[in-house]
Structure formats: C-alpha cells, structure tokens
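Novice: Listed below, chain by chain, are the residues.
There are 2 protein chains.
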Amino acid sequence: MSPQQRTLHLNAFLMSTGHHEASWRLPESNPRASTDIRHYQNLAQIAERGTFDSIFFADSPVIFGDVGRRPAGKLEPTVLLTAIAAATEKIGLIATASTTYNDPFNLARRFASVDFVSGGRAGWNVVTTAGPEAARNFGIDDQPAHAARYERAAEFLEVAAKLWDSWEDDAVLADKEGGIWADSAKVRPINHVGKHFRVRGPLNVPRSPQGHPLIVQAGSSENGKGLAARYAEAVFTAQQTLEDAQAFYADLKARTVELGRTAESLKILPGIVPVIAPTQAEALRLERELDELIRPEYARAELANTLRVDPEDLPLDRQLPADLPDEDSIEGAKSRYTLIVELARREKLTVRQLIGRLGGGRGHLTFAGTPEQVADAIQLWFENGAADGFNIMPAVLPSGLETFVDQVVPVLRQRGLFRSEYTGSTLREHYGLERPANRFSAVGSLASAGA
Amino acid sequence: MSPQQRTLHLNAFLMSTGHHEASWRLPESNPRASTDIRHYQNLAQIAERGTFDSIFFADSPVIFGDVGRRPAGKLEPTVLLTAIAAATEKIGLIATASTTYNDPFNLARRFASVDFVSGGRAGWNVVTTAGPEAARNFGIDDQPAHAARYERAAEFLEVAAKLWDSWEDDAVLADKEGGIWADSAKVRPINHVGKHFRVRGPLNVPRSPQGHPLIVQAGSSENGKGLAARYAEAVFTAQQTLEDAQAFYADLKARTVELGRTAESLKILPGIVPVIAPTQAEALRLERELDELIRPEYARAELANTLRVDPEDLPLDRQLPADLPDEDSIEGAKSRYTLIVELARREKLTVRQLIGRLGGGRGHLTFAGTPEQVADAIQLWFENGAADGFNIMPAVLPSGLETFVDQVVPVLRQRGLFRSEYTGSTLREHYGLERPANRFSAVGSLASAGA
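In order, the protein sequences belong to chains A and B.
End of the first sequence sits at 451 in full-length UniProt numbering; the numbers just go up one at a time, nothing left out.
End of the second sequence sits at 451 in full-length UniProt numbering; the numbers just go up one at a time, nothing left out.
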C-alpha cells in the first residue's frame, strides 16, 4: 500500500485543561473543567469540526498522587462519552475501562449500550490498571502481577466478544402479527467457563450497531504488545524518536500478521504534544512558560512513585541514580517506566529537566513549532513506517486543540493526507476497519475466522 | 402535616413500548424502541412537560424468559439516563443498579458522574437482584440467599455514602496563584473494612451536585422494608388495595421514624397502571384488547418460574394449585411472589385471568377510567395515608404517558395537588429532600447524624 492511498487517522486525547500538568494554572483555563460536561462537549465539537476519527479519555479507578497538584477527579468515561454523544454526530468516542477491576458481563453491556446511543461510535481502550493503589479500592491488598493481569485481560476480551455475539444481527423479528418479538434460536447462552470467568449469557442487549466496539490498547510492554497483536484494532503508544517509533511499528505489525490478521487491521497512533506558534522560537517560549508553572515537589513525588524510589533519592539538579530497578521487576506500568528511564539516560537530563519533559506530555513526544513544522513531523512519521496516525495531546485545552484544528488540519488536508469531511458514520468506518462477523451465526462463522 | 400542605410526587416508570407485555404488538408501537435512544428522550420530554419529579428504569443483569415474548434487550440504565439528561433540563433520572453484581467503588463513581453531567438529577434504585439466572452471568452457580443479599446491600450503601463524602464540598480550591488545585486535607481515604468490602478510597471524583444521588428502594419484603427504612428516600411499591397500601405506608413510615429519621424523609410511591379513556367502558375495552394480544404460553412460563412450579401444573382455566411454597422458602423476589399469590386467591382468578392482570402491570394496580376517575383514585390514596405520590406505569408508550400528562396532570393541578412548574432544579429539590451533609467534614459531622 503506497503512502498516497493511506489516510491519516487522528485521535484527540482529552484531559480536563490539557496534558501539561500546569495547564490549569493559566489565566485562560477553567480549573473546574474536569467535572464540567459543557467543557468536554465543546472539546468534542472542536475535534469533530476537525474531522478527527475519535476522542479518547484515559482512566484509572484511583487518585494518584497529591490532589493539590492538578485536577484530580474525573467523570467515569462511559458516562462522560455518552453525554458527549448527545452533543456530537460523527466523531468516535473511546473510553478507557479496566479488565482487572470490572466484570465482563456488566462492561460488555455498557459498551454495547454506548454503541447504541451513539449510533455506532463506541470504542474501548482496554487497560489492566497498574499499581497497588487501585487494588486497594477493590478489596485487594496488592495488585495482581503484570502477567496475571494480562492473562485475565485476554480472557475478559474473549468473554466480551462472545457476549457481543450472543445475539445475531437479525435476531429481533419484531413480528407483531405472529406475536414473536425475537427468534430465540438466534439469542444464545455463551456458557463460558475459563480460568478467570464463568459467564452463562446471553447479553441482555441486542447486538450493537458496530457489532463490537472498536478495541483499543495502549500498553507497550511485551505483554501489552501480545494483547494488542491479538485483539486491538487501534494502539496508542508513546515513542520519543522516529527510530523507536519505526521499530515499534514494524514489530507490532509483524506480530499482528503472525497471528493471521492483516497489517491494516491494526492502526498504530503514537502520541504527540503539539505546541504551535507562528514561529518556532515562540513555540519554544510557550513551552518554557508552561514548564515554569510546574511545582516540582508534586512532580518529583510522582516520578519517585513511578520509579519506585524515595523522593529524597531524586535531587532536582542531578541525573537519575544509577541503581534503578530493572523493568522486569516492575509490576506496574512497565513500558512507561522504561520510556522514562531511557529518555533521562539518553538525553542526560537532570531530575528537574526530566520533570519538565514529563509535565508536558508524560513521556509523549512534544512537537513545538509552526503549523507547517508540526504537519511536516506528522507526515514524516506517517510516510516512513512509524505511524498510521497520531494521538493528539494538546498541552492546553481547549486552545491547543483549536489551534491544531484551525492551523494544522488544513495543512494536512491540503497535502492530501487527511479527510476534509466524514465519509462514514461509525467509529469503525472512520478507521477503515470492518464490522466483525458474528462468531455464532451460520454465515458469520464462515467469514469470521479472524474476528 | 395537613393534606393541603403536601405536594404529590409523580415518577414515570418507563419501559420500551409500555408496561403491558403485549404493547409492542399494537399498530402504534415501535417494536424496536428498546434500543432507540430517541424513543426514550421523547418519553422523558413528555414527562418533563408534565413536571414529573422523575423518570425511572427497572433493570436486571440477565434476560428472563423467552425473547419471543416481548422486547427483551435493555440499554444499561446509567448510560440510558445520561443520554436522556442531555435532552432534558429539570426532570430527575433514576437508574436501577444491583448491589449484588456491582462493586461499590465503580458504582458510586458512576452515579456521582451521572449527577455531575445532569446537574444534580441522579437517583439510584438499589436492588439486590433475585434469581439464579443473574448469578450465572457472574460466575456464581446459585444466587446468594435473600438475607445475605440484603446484608451486602446495606454495607454497599455504607461504602458508597462514605465514598461520596470522601471529598468535602469545598475541597477543590482551584488556587491558580498558589498552584494548589485541591486541599488534600479535605480529600480523605475512607479505609472501609467490613464483612463484604474493603475499600480504601477516596473516590476519584469530587462530591457531586446533590452530595449523594437520591436513594430509591423497591423491595417490599421484610428485608426490603428494613433496608428502605434505614437508607431509602423514595420507595416504589406494588399495592393492590387501599387498605394494603395504608398498612404498608404506616408500617414503613413507623420503621423509618424508629430509626431516628423523620417520616417526611422517605416518600412512598405505589405503582399504578392508568388506562385512560373518555368513558370508563371504553377504558375497560382498551384494557381487554391489550390482554387479548398476550400469548398465554409465554406468560404462563414466566408465572411458573416466579412461583417455582412446573408450567404443566398451571392449567389456564383453573385457579392456582393449593400447595404452593411458603414465602419464607423463596430466595428470589419474595414480596412479588406473595403479592401474586394473594391477588389470585383473593379474587379467585384462573391462571388465564391472573396472566391478564399481571400482563398489564405485573402485579401493580390498574386504574381504568376517565381522567377525573384516575385523578380521584390518586387523590383518595394520597389523602388517606396510602401514598406520597405515584409511580406511573403506562400500559402503552408513548401514548399512555401523553394521555396522562395531557389529561390527568391538569386535573391534579386544578385540584392543587401537583406542581404547575418546577420550583427546584435537582431531583432532591423536586422530592423535597435535603442535600445530605458530609459525614467527614467538621460542620457536616455535627449536622449529619441521620445522613
């Protein structure tokens, strides 16, 4: 497939006042935006004006760190995206939900319900939820081990897929004359019995417009890549250099093909924090001004927590200590851990400098420059085997998203890289992904070997 | 408190094409309404035009009986009500959720989120979910016993209330100058350790507009009444006669007062199925026509399941067998079981007649008559110690709700029994219920002994 035939995919990764941890302190920001539904509806409408494929919310069932630092409370994503669905028409809606701290029957139903009320725009970012802090909100003293969480995630996804297929697409007859509402032969128990779950089914909602919500994955550890290659249809990833992004892209596409899927059935979207200004110098100054609003004591405490060291062991004006734990011993967010340590070592950053880099995009790549420079960077990665699209993480919201939509999107459109209007109406259609066949229906079972 | 000073409360109990099981077969009905969000948004707007206090959806995480019989798939209620919130402004939104098959952290957060996006209109109908069928969707071979489910429900409610209070109302400082987003002293772990749950907290969302969502309860068993007297602020109940309703009302209010609450802090709303026509004869004919659309083999199978007998033991033209099990042995929906058996015995109904009665309102009272006659019945119960309001269960939707709003509500308003416009903007304000004080805050702890 030549670069010309491919279409760029853009997702807006939304987070209260923006991805920069100090964004809420800017005069323009609404510091109570995190619980204001109109703020989020406005962001989604901006992204929809920019014909983005989707918007996305990260999530974890716990508060990390100090609530003094930055907006800490979050609306539950399926509720939040449902309220946004009512204020938008086309844009896809991707909610994060944990397979470790949810139940497959309830969660499968919730995503099917969001898919119905949004007219086929639901996506699920599957996470396994790192950290003992979350576990303690669910009666568990310490988190399940990394591998065990991913094993449960895989079975969770199998159960969810079976439940979404437990009604055939044409099960509802609505035969008023004969008095038969649905064909009971096309609504089946799934009778799942596995290591982690026993679920009888069927689901208590018919098959939704997309069949299954779009499955998204964002972990880049070995376990994460394995799960993505098997189940994911879009992957969000943090990559700091073109070379790293190319290696990740090639590796994950190869793993996907090895499992009998096509390379195109999985879209890879690295995250970028665009800092846009009329000149590159102004963009860099904007970035510095934001970094100066970071209170380092909060940021250092979070860094210490991620690295599983004492904050006292991280003097602000020295580099990271040499004797950090190995990734293998980390049971939390493995790939994030490695990314941070490698970034600090590669660029010989002091703790203060590292905090500044992480404060902007928490490890994602910052592109600071003019609209053309940002578009150049996007095109470079897109055309050189590093990305199928990008996960846009504005440092400040709504202004950073508005600037991207008004200044970068037109450049991408002019270059023929990105759509000028929506051609489909479901999230799957935006990403160019097929509607999954039903594994239990007579026709579907022939066609859905890879579904 | 004299009858003149009290205000009637009205809740619209919504269910796809209506509460009559054959309603979907009518020419006017959309048989695919159960997954059509516009159908539900329209119903909510009709109820809001009638200044109803709230709308409500029942729910169970399982499909009961044969999907041929009637619309069987349901959208998950918190998702459904969030989509409705976006299409309405004032009306309260009550979702059913199970304490047996949910987790307190996730569910408390979900209701707080609905409360935020609706501007303080969320209510939670707390159910314990009867029946082994539901249990098997959650890896449990048989349902937990009735008493154990209610014990878990009580602890679940305690945990949820603590989580809703884990942020003080003024915890968010939004101090841009000082760089302090929230006061960490006002966001507390709850460190709950109980028989069923261990939850550290705090919740990951600030305290919501209503403090707590409105707590609703609908079980009328001994365990159900005990839970209601302690925690509920509104109770939905099925009562067939004025005398039974008066006895239930007096009993539940007395239990509530015994626990140190005021009688007014709990509102009791019996369910009624209004069948309205210009003359009583026409109303009765309308009712008969609907009953004739019931396919008895489906209805008999469900009745047999509720009574825990074989369908073969229920010949259509005979009365119920004499040797039915005692309520004490029923681990499912105890109060519903007793209501059905007493109705059949009191009125010496054949199985076919009983199916007709249950097909209309599943055990709730049917008022068939002119708008004035329906208003008379409502007034009689309201002014004679049987009800604080009613749970309106239209046999056919939307037409039955439209008729009630356009023809009965004006009569109730003329009589000074019901509001002509909303005076508050939250669900608690509609029901005349206080916003709960925060049990953990210095001021709140003095004021909230009963909260």
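Among the clues, some could well be false.
Identical copies look the same in the list; a pair holds intra-copy or inter-copy alike.
Derived lysine-lysine pairs resembling DSBU-like cross-links, with alpha carbons at most 35 angstroms apart [stated by the list, open to error]:
| no. | residue 1 | residue 2 |
| --- | --- | --- |
| 1 | K176 | K253 |
| 2 | K195 | K176 |
| 3 | K90 | K348 |
| 4 | K334 | K348 |
| 5 | K253 | K348 |
| 6 | K90 | K195 |
| 7 | K334 | K253 |
| 8 | K195 | K348 |
| 9 | K176 | K348 |
| 10 | K253 | K90 |
| 11 | K253 | K195 |
| 12 | K334 | K176 |
If you're looking for bench data, these hints aren't it; they were derived computationally from the structure.
Novice: Look at each hint and say if it fits the structure.
Specialist: Going through the hints against the structure:
For the identical chains of this complex, K176 and K253 are neighbours neither inside a copy (49 angstroms) nor across copies (45 angstroms), given an alpha-carbon limit of 35 angstroms. Taking the shortest alpha-carbon separations for K195 and K176, neither the intra-copy value of 43 angstroms nor the inter-copy value of 50 angstroms comes in at or below 35 angstroms. Taking CA atoms no more than 35 angstroms apart as the test, K90 paired with K348 passes in neither setting, with 45 angstroms inside one copy and 57 angstroms between copies. In this assembly of identical chains, K334 and K348 lie within 35 angstroms of each other by CA distance solely inside one copy; the values are 21 angstroms within and 69 angstroms between copies.
In this assembly of identical chains, the alpha carbons of K253 and K348 lie at most 35 angstroms apart only when taken from the same copy (32 angstroms versus 71 angstroms across copies). Taking the shortest Cα distances, K90 and K195 never come within 35 angstroms of each other, neither inside one copy (39 angstroms) nor across copies (47 angstroms). For the identical chains of this complex, K334 and K253 are intra-copy neighbours only, at 21 angstroms inside a copy versus 56 angstroms across copies, given an alpha-carbon limit of 35 angstroms. In the homo-oligomer, the alpha carbons of K195 and K348 never lie at most 35 angstroms apart, since the shortest distance is 45 angstroms inside one protomer and 51 angstroms across protomers.
Proximity of K176 and K348 under a CA criterion of 35 angstroms is satisfied inter-copy only: 32 angstroms between copies versus 72 angstroms inside one chain copy. Taking the closest pair of Cα atoms, K253 and K90 come within 35 angstroms of each other only inside a single copy of the chain (28 angstroms); across copies the shortest separation is 50 angstroms, beyond that limit. Taking the shortest alpha-carbon separations for K253 and K195, only the intra-copy value of 29 angstroms comes in at or below 35 angstroms, while the best inter-copy value is 48 angstroms. In this assembly of identical chains, the alpha carbons of K334 and K176 lie at most 35 angstroms apart only when taken from different copies (33 angstroms versus 56 angstroms within one copy).
Against the hints set out earlier in the document, violations occur for numbers 1, 2, 3, 6, 8.
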